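Undergrad: In case you want the letters, here they are:
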Amino acid sequence: MSNYTFEEIRNIIISFIEPKLIKSDFDKNKLTDETDLLKDGILDSFDFIDLVVYIEDQTNISVDLSQLNFDIFTTLGGFINEVLLQQK
Amino acid sequence: MIKRFVLTGEGYSALKVARIITDNPNSELVSIFTSLDKKGPLVEFARENDIKLQHSTKLRSPDIIQWLHNLEGDWFINILSPVIVPIQVLDLFPGRALNLHTGPLPRYAGMHVHQWGIRNGETSFSATIHQMNAGIDTGDIVVESYFKISPIDTGLSLFNKVVRSGVELFEQIIVDIIQEKKISGRSQNISNRHYYHHSDALDGRINWEWSSSTIVNFIRAGNYKPFISPTYTATLDGDIMIFSAEIDKPSSKKVGELIELTDLGPRISCGNNESVKITSAERSAQNMDINTWNQYFKNIVNHD
Numbered sequence: 001m002s003n004y005t006f007e008e009i010r011n012i013i014i015s016f017i018e019p020k021l022i023k024s025d026f027d028k029n030k031l032t033d034e035t036d037l038l039k040d041g042i043l044d045s046f047d048f049i050d051l052v053v054y055i056e057d058q059t060n061i062s063v064d065l066s067q068l069n070f071d072i073f074t075t076l077g078g079f080i081n082e083v084l085l086q087q088k
Numbered sequence: 089m090i091k092r093f094v095l096t097g098e099g100y101s102a103l104k105v106a107r108i109i110t111d112n113p114n115s116e117l118v119s120i121f122t123s124l125d126k127k128g129p130l131v132e133f134a135r136e137n138d139i140k141l142q143h144s145t146k147l148r149s150p151d152i153i154q155w156l157h158n159l160e161g162d163w164f165i166n167i168l169s170p171v172i173v174p175i176q177v178l179d180l181f182p183g184r185a186l187n188l189h190t191g192p193l194p195r196y197a198g199m200h201v202h203q204w205g206i207r208n209g210e211t212s213f214s215a216t217i218h219q220m221n222a223g224i225d226t227g228d229i230v231v232e233s234y235f236k237i238s239p240i241d242t243g244l245s246l247f248n249k250v251v252r253s254g255v256e257l258f259e260q261i262i263v264d265i266i267q268e269k270k271i272s273g274r275s276q277n278i279s280n281r282h283y284y285h286h287s288d289a290l291d292g293r294i295n296w297e298w299s300s301s302t303i304v305n306f307i308r309a310g311n312y313k314p315f316i317s318p319t320y321t322a323t324l325d326g327d328i329m330i331f332s333a334e335i336d337k338p339s340s341k342k343v344g345e346l347i348e349l350t351d352l353g354p355r356i357s358c359g360n361n362e363s364v365k366i367t368s369a370e371r372s373a374q375n376m377d378i379n380t381w382n383q384y385f386k387n388i389v390n391h392d
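Respectively, the protein sequence lines represent chains A and B.
When we follow the working numbering, the leftmost residue of the first sequence carries the number 1, and every step to the right adds one.
When we follow the working numbering, the leftmost residue of the second sequence carries the number 89, and every step to the right adds one.
No lab work stands behind these hints: they were computed from the structure.
Quick caveat: nothing in here was measured; it's all calculated off a predicted structure.
Do not rely on the hints blindly, as some may be mistaken.
Claimed, not checked - Label pairs and their calculated CB-CB ranges:
id: 1; chain 1: B; residue 1: Asp138; chain 2: A; residue 2: Gly77; range: 34 to 42 Å
id: 2; chain 1: B; residue 1: Asp125; chain 2: A; residue 2: Asp64; range: 41 to 49 Å
id: 3; chain 1: A; residue 1: Ser2; chain 2: B; residue 2: Pro113; range: 25 to 33 Å
id: 4; chain 1: A; residue 1: Asn69; chain 2: B; residue 2: Phe235; range: 30 to 38 Å
id: 5; chain 1: A; residue 1: Asn69; chain 2: B; residue 2: Ile378; range: 43 to 51 Å
id: 6; chain 1: A; residue 1: Thr32; chain 2: B; residue 2: Glu136; range: 39 to 47 Å
id: 7; chain 1: B; residue 1: His157; chain 2: A; residue 2: Asp64; range: 28 to 36 Å
id: 8; chain 1: B; residue 1: Glu259; chain 2: A; residue 2: Ser15; range: 30 to 38 Å
id: 9; chain 1: B; residue 1: His157; chain 2: A; residue 2: Asn69; range: 46 to 54 Å
id: 10; chain 1: A; residue 1: Ser2; chain 2: B; residue 2: Lys386; range: 52 to 60 Å
id: 11; chain 1: B; residue 1: Ser340; chain 2: A; residue 2: Asn11; range: 53 to 61 Å
id: 12; chain 1: A; residue 1: Gln58; chain 2: B; residue 2: His286; range: 31 to 39 Å
id: 13; chain 1: B; residue 1: Lys140; chain 2: A; residue 2: Asp44; range: 25 to 33 Å
id: 14; chain 1: A; residue 1: Ser24; chain 2: B; residue 2: Pro170; range: 30 to 38 Å
Unchecked claim - Cβ-to-Cβ under 10 Å is the rule here; a few derived chain A residues that face chain B:
id: 15; residue: Tyr4
id: 16; residue: Phe6
id: 17; residue: Ile12
id: 18; residue: Ile14
id: 19; residue: Leu21
id: 20; residue: Phe26
id: 21; residue: Asp50
id: 22; residue: Glu56
id: 23; residue: Ser62
id: 24; residue: Val63
Glycine included, C-beta positions come from ideal geometry on N, C-alpha and C.
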């Protein structure tokens with residue numbers, strides 16, 4: 001399994017959420033690592049589970065939701081960091 | 089000979105199975121039934137790949153059943169669709185309709201069974217693929233895959249594990265179907281069947297007469313944080329949502345009584361002369377800390 005960088009995981013997530021940004025009327029230029037994908041209405045809970053499966057599919061990293069810090073993992077940057085932690 | 093599949097399902101897990109089918113030159117996905125309200129990933133996939141798309145609730149319509157008959161599909165696959173597939177549809181696919189169930193059968197039939205696995209103190213669980221028949225989760229078991237439930241698994245994390253495991257099973261089954269291998273099932277021992285209804289899992293109140301392990305398991309099974317549980321979240325007096333707790337020292341105090349307030353949260357006595365410590369809770373979407381807990385218990389004393 002290759003080791004993914006922060007930017008690579010970010011790009012994978014962006015490719016997943018891009019169509020949803022349009023649907024939720026969220027300006028892509030305003031997307032930062034602090035953006036809360038759930039609270040800002042970009043993803044709902046089902047989308048988030050889909051995102052986890054999508055990341056697993058794209059990277060072969062098995063994301064264990066019981067290991068995630070649920071206070072931060074719905075932000076873009078927080079989620080990327082949690083995925084990076086689990087690839088080790 | 090090319091195998092023709094009809095898929096009903098939701099979400100990216102169903103999309104993964106759809107891709108397995110369409111990526112193989114010896115199989116064809118002839119129709120997808122999914123929720124058109126939500127416009128999930130299957131909707132876009134069907135449109136991009138020119139696959140006939142139907143709203144999953146239309147599976148009950150006589151016109152659609154006739155349409156399916158004319159479609160001459162070979163296999164029917166269900167991945168997490170909430171719609172109960174009518175027998176008239178299953179009759180079109182005798183022995184060739186498969187469902188992903190999120191728990192071991194026959195002991196965990198019905199709804200939200202992964203939560204019940206945690207609540208019942210199971211240490212392992214399974215995804216099961218079974219043939220569909222007129223009953224709910226009663227068809228012959230084709231294959232199952234067991235894995236461990238970790239002591240920190242929640243309702244959310246276990247659901248994700250079960251679905252991941254189930255999709256992996258389907259990857260192999262679809263290859264077997266395409267290679268014309270016999271897909272047979274073993275019948276379920278119905279005397280071991282337990283059916284869990286949605287309504288069985290809606291009450292989030294903690295019964296302090298329960299043992300400490302039962303309470304801790306009840307709390308984590310209802311924990312879907314940061315998402316909303318499809319059933320219950322454990323509560324204290326209805327307005328404090330409890331997300332995690334741990335087994336603590338024995339206690340001789342009356343059940344439900346506060347033993348002490350720690351930095352993590354309150355330690356409360358429970359059945360079997362045991363106690364639990366609540367380690368994560370919220371009130372009005374705000375984390376409970378030692379001050380807010382202190383205030384809460386003061387109010388109880390004043391109220392009494």
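Undergrad: Which numbered hints turn out to be false for this structure?
TA: 2, 4, 5, 6, 7, 8, 14, 15, 16, 17, 18, 19, 20
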